[in-house]
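*Asks:* Both chains come to you apart, so use the hints to assemble them.
Protein sequence lines, in the order shown, are assigned to chains A and B. Residue numbers for the first sequence follow the UniProt record's numbering, so the first one is 1 and each next one is one higher. Residue numbers for the second sequence follow the UniProt record's numbering, so the first one is 1 and each next one is one higher.
Note that these hints are calculated values from the structure, not bench results. From a predicted model like this one, the values you see are computed outputs, not experimental measurements. We put the CB at the ideal spot given by N, CA and C, even for glycine.
Quick list of simulated restraints, FRET-style, between CB atoms:
(1) A/239 x B/439: 30 to 40 Å
(2) B/510 x A/338: 44 to 54 Å
(3) B/311 x A/333: 52 to 62 Å
(4) B/162 x A/296: 20 to 30 Å
(5) B/182 x A/76: 54 to 64 Å
(6) B/311 x A/331: 47 to 57 Å
(7) A/404 x B/164: 47 to 57 Å
(8) A/294 x B/459: 21 to 31 Å
(9) B/164 x A/204: 19 to 29 Å
(10) A/254 x B/508: 33 to 43 Å
(11) B/360 x A/444: 53 to 63 Å
(12) B/224 x A/333: 53 to 63 Å
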Amino acid sequence: MARHCDDFTRSEALRHGIAQAGRGLRPIEAGMPTPAGTGLTRRSLMLRGAAAGLTVYGASKLMPEALEAGIAEAASGPAQPVLVSVFLPGGVDGLSVLAPTGDERFASLRPTLRIARGAGKAFTEDDRLEWTPAADALRVLHSEGKVSVIPAIGYDHPDQSHFTSRHFWEVGATDVQGRFGWLGRYLDQHGSADNPLQGLSLDSNLSPALAAGGVPVAAVDDPQDFGLWAPGVWGGVEDPLFSAIGALGTLPTEDGALRAARRVATQVDSIRRSLGPLQAVAGKPAFTAPVTYADNRFARRLSSLAAMLDAGLPLRAVTLDAPGNYDTHSGQASTLADDLRESCEALLAFQRDLEHRGLAGRVLTLVWSEFGRRPRQNADGTDHGAAGVGFVVGNRAGGRMLGEFPGLAKLDEHGNLRSTFDFRSLYCGLLEQWFGVDAGPIIPGAAGFARPALLS
Amino acid sequence: MAFLLRKAKAKPKLKKKLTPAQKKALAKKKAAAAAAKRKAAAKKAAAKKAAAKKKAAAAAAAKKKAAGGAAPIAVTDTLPAPPPATIPAPVPAAPAPQRTVDFGRPQAERLLWRAGFGPRPGDVDRLVAMGLDAAVRSLVYPQGGASLVGPAPRDEQGQPLAPNDVWGHDGVWWLDRMVRSDQPLVERMTLLWHDWFATSRDKVGSAQLMLDQNALLRRHALGSFADLLRDVTRDPAMLSFLDGIDNRVGSPNENYAREVMELFTLGAGRGAYSEDDVRELARAFTGFRADWRDGVGLTNFRFDAARHDNGNKTVFGRTGNWGVDDGWRLCLEHPLHASFVVQKLWSAFIPQAPDAGTVAALAQAYVGSGHQIAPVVEAILKHPDLYYGERMVKAPVVFIAGLLRETGRSVDTDAWAWLMRLAGQQLFFPPSVAGWDESRWLDTSSWRGRWYAAAFVLRTTVADGKTYSATETPEEAVDAALAFLGSPTLTPEMRAAVVDSARSMLAGGVPNWGQASYRAVRQNGLRMLIATCSDHQTC
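Chain B with its partners taken away, still in its complex shape (with noise of 0.2 Å):
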C-alpha cells in the first residue's frame, strides 16, 4: 500500500517540520507515554499470567489445539460473513467534526465509489434519502448474508467460470461478486486485506489456496482484526507465501515475521521493533508445515509440534516461551499498533493524512472495541475528510467493476481477467506483499486498460443509427451520455469540455441522409470519453 510505501522510503514528513524544542518535548512525551505503556503492559501481563496459571491445564490444552490442530488450518468456509451479533452503537466521527458534511448527490456517488464499487442505478438516490448516519450504517453493518443480485456470471461460450481450472477465471469469480453483492463494503474490505495481507498466486500456485484465503478475509472483513490475523497467520496461501512452512526450530525463516510486523501491524520506520524482535518472533511461529506433491503443489498443512521452538523467546522485550498466537497478539498489543491500523485503514479510505487528534479518537475505537474493525470504518467513512478533501484515482478493479454496476451488465465474458490485467491489477496476483502502488495506478499503459475495458463495457449496448434521434443537440448528447453511465458528477470544467467535444464530433458535416446515424456514432463516442475521462477514473 502507498501510505507504507511511503512510510519504509522516508522518515514521516512531521517529524521534518518539528522545531528543536518541539521534537524535544515530542520525545519525551513519547517517553513518557511509552513507559506509561510498558508500565500497563508488565501489569497486564502479571494479571494474564495469574489467569493462566488458575487454568493452567485447559489453556495449554486449547493453546495446543489452537496452534496445532489441523482445523483452524483448513480454511474451507466460503459462506457469506454472519452480520454481528449485536449491533454497537453509532460512534460519532471522531473528533467532533469542525464541518458536517452536507450529504447530497456528489456526497453519496463519492461514498459508493470509496466504500464500494460504485453505484448502481438508484443507489445514490437511495443513499441521499437516508442521510449519512444511515448510509454509512447501512454499509458497515449490513443485515444477513450477502446476496448477490443479477445472472450468475458466464464466461465468453455462455459457460459457468471455473475459478479453479481456468486461466484468469479465479479474479473474474471475484469481480463479479464485486459487480453483484448487495454488500459492497465487505467485498471493498477483502480487496482492502488482500491488498493488506498481500499473498500471489504466482508463488502460492494453487487457487484453490488463494479461494480459500479470499473467503477468509471475506470472513473477517468488518469483524475483528485479531481474529483475521490469527486466521491469516495459519492460513495455508500465505504459510506458502511467506515461508511460514520453512520456518523450523534450529532453522527459522524470518519472512512472515518480518512483513507481520513491517506491513501488517506495526510499520516500517517508526521504532516498533528491532532486527532482534524479527529474529525471536520468527521462531514464535516455527513449526508449520506442509507436504509437496507433483501434480498438487503443497498440500496437507499443518503445524507440527517437533519443528516448533519450545525455547524462550524475548519479542519487544517480553520474554517467554511464546507459541504461535503469542506471536501475533504480542504484535497487537505493541503500543504502536492500534496508531498503525487507523492510519493504514484510513489511506484506503481518504488520500490526505489525518490530524493527530482523529488518530487518537480512531485508535480509541479501535482499541475500546476489542480490535473490532467495523467501528473504524464507520468513523471514517462519517469523517468530513472524506467528503471535502481530495479525490482519489479509482483502482482499476473498482473502476471496472464500477463501470458494470452503472450500466447494468453482468458478467458475461472472461475477457475481463486480462483487461483487469491490462488495467494493472491482476486480483489474487499482488505484485510483492506491499501490495499494489495506488500512488501509481495510473500510468499511460494502464490508462490503455482502462480505456479498453470501457470498450468492451459499452460495445454491447451501442447507440443504434437506424432510431436514434436525428435532432440531438451536443448538450442533450452529452445529457444522454451521462445518463447511460448513470449520470455520474463532473466537474464544471470537464462537462464544459466535454460539450465542446461533442460538439467538434460532427463539425466535418454531417450528410441529409446520416443525421440519426452521425448522431448515434456521436452518442457511442460520448460514453468513451466521459467513462474514460479523468473525473470518471477517480472519486
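Chain A with its partners taken away, still in its complex shape (with noise of 0.2 Å):
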C-alpha cells in the first residue's frame, strides 16, 4: 500500500469539510485558498426520478421547471464541442509515465522506480521518452494521432502543495484568491443561463473548476444510477406506484410543512417524466455500451458519459477523477502502474466508444493533475516536484507534443523537472481553437500564453 502525505488527506479533507461548511474551517497552513466555488447556492433536484440525485448549483432562483425548460431548449440546438477534464489526485509521476530510459541521468535518480530501456513501447516524438507498460493504451491512441503529450507541463515558480498548486489549475491563474473555475468563467461568458448540464461533475460534489459565478452547472454522482426501486414491486404495479408519487403530491393543503412536502414529491415526479433517456427499464440497464468497459467507478462513469452524450443531453464541460492516489510518497509500485492501467484503459474503452457512436469528432479530453513528482526518489516513492505531464485526447487532437522534455541534466533548484509548457497556454489553447472563444477574459494574462496549434 502507498503511503500518502498528511498534506494530500488533510486538503483532501479539508476541501471537502469547506464544501460543505462554508466557513469555520481554519487553514492548514498560512495563504491557503479558498477552493473555488466555496459558499455557492446549492440547489438539488434529481435527474430522472428519485434515484439519480443531479445536484444543481448556483441556480437558487430557478424553479425545477425552468431547468427542465433550459435543458430542453438546449438540447434542441446545434451539438456544441464538449470538453472532459480528467484529473489524476496527487500529483503523478511523468516519470513513470513516459519514463526517460535514454537519459543517461535517468537511473541513478531513479535506483529502483524505473523500468528498463525497451520495457515499454518507444514514444515516437522523443526517442529518450518510453511508454511505460501500464500506460500502453495511452500508446495506442498516441499511435493514432489521437494523443497530444505534454511532457513537461507547470508553470513558474511552482507551488508543492497539493491544495494550492491544483487550485491554480482549477481557476486557471497561479491565484490564491480565485473563487471560480477557468470552465466556471467559461460558462458564465458563453453558457446559458437556465441548463445545469452544461458544466458537469462526474463526482457527488461539484469540481472546482466548474464553479461558476452566475450560471447553473451541476453534480451527478453516478448517471447509470438511476430509477426509483421500491423491493418486492414488480411488473404491472411498478408503473402505477411511481405515478402515484407525483399524484399524492398533488393534494391540496392549508399545512405549510404538508405543503412543501407534497411539493417536492411533484417535483420528483416532473423531473423523472421529463428527463429519461437514461432510465433503466423493469430493472434493465437504459444503454448497453457498445464496447467493454472495465468494472470500476471510472469506467461506469465514462460509459455513461457516453450514453449521456449520445442521448443529446446539452453538455459542454464535464470534469471527473480518475481512480487512485498518485500521492505515492511510498510503496510507489505497489499501487501506481495499476491507477495507471485503470485510468488509461477506461480513456481508451472512452475513446472507442465515443467513436462507434460516431461522437468522437466533438469530444477532446483533458488528462493533468497538480504537479509531477521529484526525479529523484526517496526510499521507495517520490515526494512533490514540478511539472509533470499532460495529454489531450481525442480524434481532434494535433497528436502533436506541445513542449518538450527537458531532460534530467539540467532540473531546477530543488532538484524538480523544469516546466516547458505551461498549463495556461493549454487553456488558452482550448478556449479559442475548441470552443472557439476569447481567451483574454476568462485565463488572466491571456495575452502573454502561447497558442501552439491544439487540434488537427
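*Replies:* Structure, rendered in C-alpha cells:
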C-alpha cells in the first residue's frame, strides 16, 4: 500500500469540509486558498426519478421547471463541442508514465523506481522516452494520432502544496484568491442561464474548476444509478406506484409543512417524467455500451457520459477524477502501475465508445494532475515535484507533442523537472481553438501565453 | 437552526407590525426593564463580590482547578444520564392554556415524533391511556438509566459496529441508540444539543472526541443548561472546532466567543452584544491548548494559565479579570439570555412562534429553576400549540429511526450511514456551526434519500406472493400496509388518494394465476407509498 502525505489527506478532507461547511474551517497552512466555488448557493433536484441525484449549483432562483425547460432548449440547439477534464489526484509521477530511459541520469535518480530501456514501447516523438506498460492504452491512441502529449507541463514558481497547486489549475491562474473555476468562467460568459448540464461533475460534489459565478452547473454521482426502486415491486405495479408519488403530491392542503413535502413529491415526479433517456426499465440497463469497459467506477462514469452525449443531453464541460491516488511518497511500485492502467484503459474504452457512436469528433479529453514528482526518488517513493505530464485525447487532438521533455541534466534549484509548457497556454488554446471563444476575458494574462496549434 | 438563521438575516417580524406609538412604548418599556435588570445585576454582582471575598482563597483555588485542571476537559464518561435527584412538581402549561389538549391517538403520535423518534408498536395506546400530563412527564423525567431494547447493532457482515474506526459507524452507532433507547426524549435532546452546539468531525477529525462530546450532550440532555454550557466550553471537540485552542493572550481567536453569544446563548440581531463584547469575551476564554501529533491528530487538551489573559475585560458593561467560567456565566446572566433559550427550544418542537406571554412564562420556569432544561421542555410539550398547530417536516434521522421503530427492524446494516447522508443529515457532520437548516430538510435530492431509506427498511420484510391473500380489496390492502407501519394517522385526503392508487396498481389486469402474487406486489408498493408520503414525512 502506498503512503500519502498528511498534506494530501488533510487537504482532501479540508476541501470536502469547506464545500459543505461554508465557514468556520481554519486554513491548514498560511495563505491556503479557499476552493473555488465555496459558498455557492446549492439547489438539488433529480435527474430522472428518485435515484439519480442531480445536484444543481448556483440556481437558487430557478424553479425545477425552468431548469428542465433550459435543458430541453439547450438539447434542441446545435451540438456543441464538449471538453472532458480528467484529474489524476495527488500529483502523478510523469517519469513513470513516459519514462526517460534514454536519459543518462535516469538510472541514478531512480535506482529502483524505473523501467529498463526497452521494457516499454518507444515514444515516437522523442526517443529518450518510453511509454510505461501501464500506460499502453494511451500509446495505442497516440499511435493513431489521437493524443497530444505534454511531457513537462506546469508554471513558473511552482507551488508544491497539493491544495494550492491544484487550486491554480482549477481557477486557471496562479491566484490563491480565485473563487471561480476556469471552466466556470467560460460558462459564465458563453453558457446558458438555465441549463445546469452545461457544466457537469461526474462526482458527488462539484469540481472547483466548474464553479461558476452566474450560471447553473451540476454534479451527479452516478448517472447509471437511476430509476426508482421499490423492494418486492415489479411488473405492472411499478408504473402506477411511481405515478402515484406525483399524484399524492398534488393534494391540496392548508398546512405549510404538508404543502412543502407534497410539492417536493411533484417535483420528483415531474423530473422523472421529463428527463428520461437514461432510465433503466424494468431492471434492465437503459443502454448497452458498444464497447467493453472494465468494471470500475471511473469506467462506469465514462460509459454513462458517452451514453448521455449520445442521448443528446446538452453537456459542454465535464469533470471527473481518475481512479487511484497518485501521491506516492512511499510504496510507489505497489500502486502506481495499477492505478495508471485502470485510468488509461478506461480512457481508451471511452474513446472507442465515442467512435462507435459517431461522437468522437465532438469530444476532447484533457488529462491533468496538480504537479509531477521529484526525479530523485526517496527510499521507495517520490516526493512532490514541479512539471508533470498532461494529455489531450480525441480524434480532433493534434497528436503532436506540446513543449518538450527538458531532460534530467538540468533540473531546477529544488531538483525538480522544469516546465516547458504553461498550463494556461493549454487552457487558452482549448478555449480559442476548441470552444471558439476569446481566452482573454477568461484566463488572466492570456495574451502573454503561447498559442500552439492544438487541433488536427 | 432555522430559528436562528431567520433571526440573523432579518429583524424579528414582530417589529415590522408595530405602529410608531407602539414602538415608542415598547422601547420605553424595554429601557425601563433593562435599567431594572442592570440594577438587579449590579446588586447581584456586589453580593457576589462580598461572598467571593469571604472565601477568597478557597474560591481562587477552586476556580483555578475548574478552569485549568485536566480532569474537566477529558470527558470520557459514557454512562447514561443519571436520574434527577428529585422530580420537581408538575409545571403547568404556560400560560394557563386557552384550550385543553384532547389527548387522543393523533396527539400521542405527534408527541412521540416531536419528543422522540416516533412510536414503537404499542407506544401510542400506552401514552393515550396515561393522559397528557403523565405522558409528557414520563418522557421528561425518565427513571433510572436508559436501557437499549432489542438486538445490538451490526454492520452488513454481522459484525459489531466500530464507531471509532469505520467510516459512518459513528452515526450508525447513534442511530441505534435513537431506535432502541427507552428514553427517547434524552436521545432527542442529545440530537437537539448536537444541532445547537453544532460541531463537525470534518474539522475536529477525531471520532473519539466527537463521541466524547456526544456523551457530554447526553449527560446534560435534560439537566442544567449552565452545566451543559460549562462543559461544552471546555470540550475538546468544541475547543478544536471553534478554535479555542488557538485563543491565547496577546493573540485572541474570537470564534468561540462570537458563537457562544450569537448561536448558543443570546442570538444575533437582538441588540444583546456588541463587537467589543465579542473581543472582550474572547479574552476571557483564552488559555486552552492542545498538541498536534502526527497520526493521532489533536491531543492533550488542557488549560495553560500562561496562555490566559489576566487583564481586565469589559463584557456587557461589566468589568473584571474574567476567567473561562466567568465568560459563559456572563452570557447566562445576560437579561436577553432566558428568552433566547426558551424560544430556541420552543422552535425545535413547535414551528410557529410562541406568544409573548408564553415566552415570559417559559423564561420564568427556566430562570426560576436555576437554568434547568426539563421544566421548560415539559411546559412546551404540554402546550396546545404543539397539538393544534402546523405540522413539522421530520428531520432525516428522525424519519429513518422512526421507520425502524415502527417496523420493529433493528440496526442490522451500516447502510444507514450513507442513507442518512443521502437524506441530508450526516450525524456528527452538521453543515456549519449554525447546525442544520430545518427549513430545508426536503428537496428532491434528499427526498431520494428518504425513499431509499424506506426501501432499505422494507426490503427484508416484503410480502410473499406464495402466501398472500388472493382476494384483498384496495381498502383492505391500504389498511394492511398502514398496520405494517404501526398504523400512522393519515389525513383523510391522503388516505383516499392512497386507496385510489391501490386501485390503479392492479388496473392493468391480473391473470388468474397471479391473484395472490400481484396483491403481494401491490402491498409492497403501498408500504413504500405510505412510508414516503407527505403525511408520513411530517408530524
